[in-house]
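> Single-letter residue listing:
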Amino acid sequence: MSLRAHVVVRRGALLVDVDLTVADGEVLAVLGPNGAGKSTVLRVLAGLLAPDGGRVALDVPGGEVVWDDDEVHVPPHQRPLGVVFQDHLLFPHLSVTDNVAFGLRTRGVRRAAARTTAGAWLDRVGLAGLGDRRPTQLSGGQAQRAALARALVGEPRLLLLDEPLSALDARTRLTVRAELRRHLAEFAGCTVLVSHDPVDAMALADRVVVVEDGVVVQEGTPAEVARMPRTDYVARLVGLSLLPGQGRGTTVVLDGGGVVAVGEPAEGPVFVAVRPETVALYPARPEGSPRNVWPVRLVGATPHGSTVRCDLGGEVPLTADVTATAFAELGLVPGSSVWASVKASEVAVYPR
Amino acid sequence: MSLRAHVVVRRGALLVDVDLTVADGEVLAVLGPNGAGKSTVLRVLAGLLAPDGGRVALDVPGGEVVWDDDEVHVPPHQRPLGVVFQDHLLFPHLSVTDNVAFGLRTRGVRRAAARTTAGAWLDRVGLAGLGDRRPTQLSGGQAQRAALARALVGEPRLLLLDEPLSALDARTRLTVRAELRRHLAEFAGCTVLVSHDPVDAMALADRVVVVEDGVVVQEGTPAEVARMPRTDYVARLVGLSLLPGQGRGTTVVLDGGGVVAVGEPAEGPVFVAVRPETVALYPARPEGSPRNVWPVRLVGATPHGSTVRCDLGGEVPLTADVTATAFAELGLVPGSSVWASVKASEVAVYPR
Amino acid sequence: MPAPLLVPALLGVAFLVLPLVGLLVRAPWSDLLPQLAEPQVGQALRLSLLSATLATAVSLVLGVPIAWVLARSTLPGRSVLRAIVTVPLVLPPVVGGVALFLVLGRQGIVGRFLYEQFDLTIPFTTTAVVIAETFVAMPFLVISVEGALRAADARFEDAAATLGADRWTTFRRVTLPLVAPGVAAGAVLCWARALGEFGATITFAGNFPGTTQTMPLAVYLALQSNPEAAIVLSLVLLGVSLATLLLLRDRWLGRSGSPVA
Amino acid sequence: MPAPLLVPALLGVAFLVLPLVGLLVRAPWSDLLPQLAEPQVGQALRLSLLSATLATAVSLVLGVPIAWVLARSTLPGRSVLRAIVTVPLVLPPVVGGVALFLVLGRQGIVGRFLYEQFDLTIPFTTTAVVIAETFVAMPFLVISVEGALRAADARFEDAAATLGADRWTTFRRVTLPLVAPGVAAGAVLCWARALGEFGATITFAGNFPGTTQTMPLAVYLALQSNPEAAIVLSLVLLGVSLATLLLLRDRWLGRSGSPVA
Amino acid sequence: GGSTTDAASPADGTAAGGGLTGTLTVFAAASLTDVFTDLGDRLMADNPGLTVTFNFAGSSALATQVTQGAPADVFASANQTQMTVVTDAGLADGDPTVFAENVLAIAVPEGNPADVTGIADFGDADLTLAVCAPDVPCGAAAEQVFEAAGVTAQPDTLEEDVRAALTKVELGEVDAALVYASDVQSAAGRVEGIAFPEAEDAVNDYPIAQLSDAPNPEAARAFLDLVGSDAGQQALTDAGFRSPSN
Ligand SMILES: Nc1ncnc2c1ncn2[C@@H]1O[C@H](COP(=O)(O)OP(=O)(O)OP(=O)(O)O)[C@@H](O)[C@H]1O
Ligand SMILES: Nc1ncnc2c1ncn2[C@@H]1O[C@H](COP(=O)(O)OP(=O)(O)OP(=O)(O)O)[C@@H](O)[C@H]1O
Ligand SMILES: [Mg+2]
Ligand SMILES: [Mg+2]
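Residue numbers (this note's numbering), protein chains in the order written: chain L, 1246 to 1597; chain C, 1246 to 1597; chain R, 407 to 667; chain V, 407 to 667; chain P, 5 to 250.
These are calculated hints, taken from the structure and not from any lab test.
Do not take every clue at face value.
[Claimed, not checked] Taking beta-carbon pairs under 7 Å as the criterion, some of the chain R residues facing chain P (in silico): (1) A433; (2) F507; (3) G612; (4) P633.
[Unchecked claim] Not the full set, but computed from the structure, chain P residues with beta-carbon under 10 Å of chain R: (5) A34; (6) T68; (7) Q69; (8) Q72; (9) T85; (10) T88; (11) A153; (12) G154; (13) Q158; (14) R167.
Each residue gets a CB set at the ideal place from its N, CA and C atoms; glycine is no exception.
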């Protein structure tokens, strides 16, 4: 383990209290809704905000360096950091090369050498030949690459990224995400990435920490979090319906009423997760194998590529993906009553 | 047809020349990359920017009102408009209610009546009880709803939305998108929606216009555009590989070299579109039914939920989605050579 | 805090504050405090505050629109206009007073008309004090407000236009509230400059106790016979303006919340 | 353009410009143009430009750090400091000159030391002119630059810190270039005010042709004997400063590109 | 000068009868502030219906104001030049009269630290010296004095008015200044005065005139008389002025 941080800090009405550890070479994603305190944690790690409590320390060969605790607060410019900010924040008065060279110049590298190194980094991030431009003359994707080069050029021990892709358009985001993945894989230090986009977290991170209202609500690999969400926020993000309940063998009694048959026996407080594409809709109560059949009401419907995502209300609130054809044949309008069915084997169940 | 616009305007190096028609009750999405000129078109429609040429006119009972042509330029405050801006732009010095009432007040409605109407709209968009707050005390989603209420309260003939969802986090975006869909369905006038997110366009629009570099490159229903993209930009957005070529019966000779067997015969200049999930990868040349088998090189790979998206280079550049297990079994690293195959019946072909 | 900034900042503050301290120390308070109770002092102080406030009000009414034209219109020759508005700062105030006579005096371009048609004379009245102070102080307001307007986000004005507001309504209901802190800062500069105005006032308005004798004029007269009284009077003026500025800041600037303070 | 803005703007411009026009019309150019060729006029003009420029330079060196402390530091009592920095605006300039004597004069707190230890006297030298002008003009710079600093995006400074820049490096290489237009505007105000300075200069520096007689002093003296010559001299001063401002704007302000202009 | 031309009023300027009413506006040189304020109070005491207001400023500013149509009854100038501006404009009612004289004196800081003894010391380049600028009356007088005494003056500053020169002496910032005797008198206790014989070569006259547009000519005449009366002359003498020699 290389970065160990326990961050306690109050921001207005929000008390942030988050524990993080990141190993060398590991990419940790901090995922959470707007206002959860993600950027606040990042600012504390960067030294831009002094925490109200806790401790931030970095392992180094032969010991550890404390960055923040009750006595110590190392200012940002003395931390071996690289930060990529959401709006990239390239200095508008400097050329792209000088932006990238900035971190070297502040650390005493001579101008010519710094520019040479900066040029090499621009090549690496695919900006060869654009070094003389001003940041305003770059596209969003190019600016984000330049910001990455600027953060990495000083060979930091810790790389912090705050929503590095959110200012990009959908197309550019695909490209830059793939590039970023490559660069993060090559980076030897610890990386903390803040995002509210699960796709970023899934694509880029080795481990995910979900923060809501200033506290960690879930932690695990991207696959674990995607498969077994523990809060409604995460469940909606990854497109699952999450139903808390009490396991009674192969049935679960939901906290909101209703009973779900599950494939694997479970006891005690559990979560039930249902994937929308496994939910089938019928105009009348279907006869057949599925043990789970519930009457529901259509609350809303949104087309989604060739399928329609249906929000369903009732004892067992669900989301269902049905093909546009099926949706049309069912003649569904908001308020329609239908029957929803899911195979017990398709229902995931895991302890709360 | 209700709004007919031919917008010609120069912005720096970019010449925008776009033709749009929108019927009453219709939602038109203008989709395009950053800097394509989308916002410029919207500003012209709103009257905030005088075009350099063309004509903007609105059908009204018994004739048409010209907003812009060589002689006329109706200023924005005389157009029956509602605009939702990307950053919502709620007035920071007014309460939420006063923001929503603003458009009524400017049109001469008395204060008390305007506030009552504004309150009713706040109810409709789910902000009942928040009317006394300042905009800074709203979350992103709430602010966007307030901006929508502000735009709709004056009962405009034309509703313009510029990236209405792009400032929202992924979770809030889902909710607000569904709500927006409901409100747009109820809105009787013309709607023009600008976005760079295909999901917004697919979910909200009746028709899509794709703008690149100031000109319209494709037009159609969301489903048509998603199924038969005509530019690389759109193809990547909807997750297809697009290959231009010349049809020779059931084979297509690609412009970049390589031959693709297709299910339906085609002649002359055509596009070939391949869905990533239909591409299978093999360590060695497979024997069997697929007529399309090409040697390719792995350029990059990005995990995507439970699958891995592989960018493939070679004579026939493709994208393939394979399961994480398969990816691991193939032992792929960037630069690996593999064989890609697609069934001819899975390849879409349509004229250029 | 970095020494290369802190050291010159301290030097600068010392440079600005030490002379004031010198005045405070030198002033023979015990002898002179009774003098301050004299009605003339109160009169001059009241007149100073009144006329500086009126001059600020006039500057707001005339200067904010000028700033708006400079910042928002697309008139050609705006940079020349801006330079011309800056230039009265350079005019020696006494010459400014003479120039005001040329326009508003009884033989002046406008003044002659006012005199002959309405039997109105402007010089040597409290109105003349306000005019002289406005002439000298308004440029500060214009330049500050123009800066604030340029810094303000013009997209809010676009939003107002799409909500049916014409440019005047937009200005009144959106632009002005948004740049209120900048206008306030400009008004403070303008008020302070008007409060200290001497040369144009004594020339154009004369030095009549009760109607045109402001504190700086009283200080000038006191300097003729009793320099130490003059110092005390100046300090009274400083004290009152300091108190006003601090009070205003709390009451008025404080509300709109500067980012750091 | 809305009339409720255009009308007061026109009125305001007329109010500021008409007196200048009055001066222009009134000046007996043909008689007086030869006088302008006199070496004394050139000398006074050179000295004015030199000392105003030096005063602006000193104000930049001392005033920008003060503005930075006001805008960025978390010192308590900053609002009092800000008011104190504003207050010298209100001080009648003659009293300002007296105050400078109390600190830097032969008998002053600091001046006595300089005189006795180094046989240095400041009053009656060109240095004294620069000091007097700095004292009067620096507050304008401080207040303008503080406004610009507050309006600037402090996140760029965060970015610089994460790139290893301490606060001084950040200030020098990021903050200052970012607020350059605001600093330039403040410097223009400061320069114009210094160029027009009269009261503090004549009190603290005296009036000696070639070393301390600036244009406003020459104008004032000319007013005593030949008022029309005084008007012409003022107009020369105005013309030179107008030309300088326009030149600077094109050369220097123009580069950083104001949003509308 | 010395006496009023149209001797319409009784002597001793006590404005007998006390029947003057209205407002009397006197424009007077700033150096007359204390004396004239005192005389104005006396006139008001004798005429309960009368209000006397003063506009004290530099003589040139006053002359400009009068020519610009200021509503003044009386103009008292500190020199003939500025009075001439008014008379040339035809604004004086009758000829101005000289009501006081002033001669130059050397002012030194208390204790005379530089041991200045006479006018010859103004040729000493090592001393810090203030003299009025030639454009203003005291400067013109100083030039005459230096010529008469055969001194090549070495001033450090050419002051734009006497008061500014005197302030520098009061603060101890110059070793000596050439000012008027009345100024030395007004700063008694803060400066010391040294009289010198050559001063008689440059006597400065203070003229006073009633203005032709005077709104209150009776009161103006009464004020002129008061200034010329024994009581008025005594007040001026107490303030360091001299009665007109003729
Ligand atoms: N300077 C500040 N002072 C007080 N409160 C603040 C400050 N900055 C942010 N906050 C508040 O702290 C909370 C957490 O903010 P933070 O920026 O860390 O959230 P976030 O998780 O990064 O959200 P987002 O996804 O919107 O960036 C929010 O409620 C915010 O309003
Ligand atoms: N005021 C302006 N003057 C000159 N050029 C401008 C101006 N505003 C925008 N442009 C340029 O016009 C082009 C089109 O801009 P526009 O904002 O319409 O793009 P967009 O499609 O809305 O992009 P985005 O998705 O980034 O909002 C861009 O190249 C932009 O740099
Ligand atoms: Mg954040
Ligand atoms: Mg846009």
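> Do the numbers back the hint for P633(R), that is, is its least Cβ distance to chain P under 7 Å?
Holds, because the Cβ-Cβ distance from P633(R) to chain P comes to roughly 6 Å (cut-off 7 Å).
> Report holds or violated for the interface hint on F507(R), using the least CB-CB distance to chain P and a cut-off of 7 Å.
holds, 5 Å
> So, as I understand it, the hint says T68(P) touches chain R; can you test that by seeing if any CB pair is closer than 10 Å?
holds, 7 Å
> With 10 Å as the cut and Cβ atoms as the points, is T88(P) at the interface with chain R?
violated, 19 Å
> Using the nearest Cβ pair, does Q72(P) come within less than 10 Å of chain R?
holds, 4 Å
> Hint Q158(P) vs chain R: min CB-CB distance below 10 Å?
violated, 26 Å
> Quick check on A34(P) please, does its C-beta sit within 10 Å of some C-beta on chain R?
Constraint on A34(P) satisfied, holds at 5 Å.
> Does the nearest C-beta of chain P fall within a distance shorter than 7 Å of the C-beta of A433(R)?
violated, 14 Å
> Please check whether R167(P) passes as an interface residue: C-beta within 10 Å of a C-beta belonging to chain R.
At 6 Å from the nearest chain R Cβ, R167(P) passes the 10 Å test, so the hint holds.
> Taking 10 Å as the limit, does the beta-carbon of Q69(P) come near enough to a beta-carbon in chain R?
holds, 6 Å
> Restraint: A153(P) near chain R, CB-CB cut 10 Å. Satisfied or not?
Interface hint status for A153(P): violated (28 Å vs cutoff 10 Å).
> Against chain R, with CB atoms and a cut of 10 Å, does the hint on G154(P) hold up?
violated, 33 Å
When held up to the earlier numbered hints, the structure conflicts with 1, 9, 10, 11, 12 and 13 and fits the remainder.
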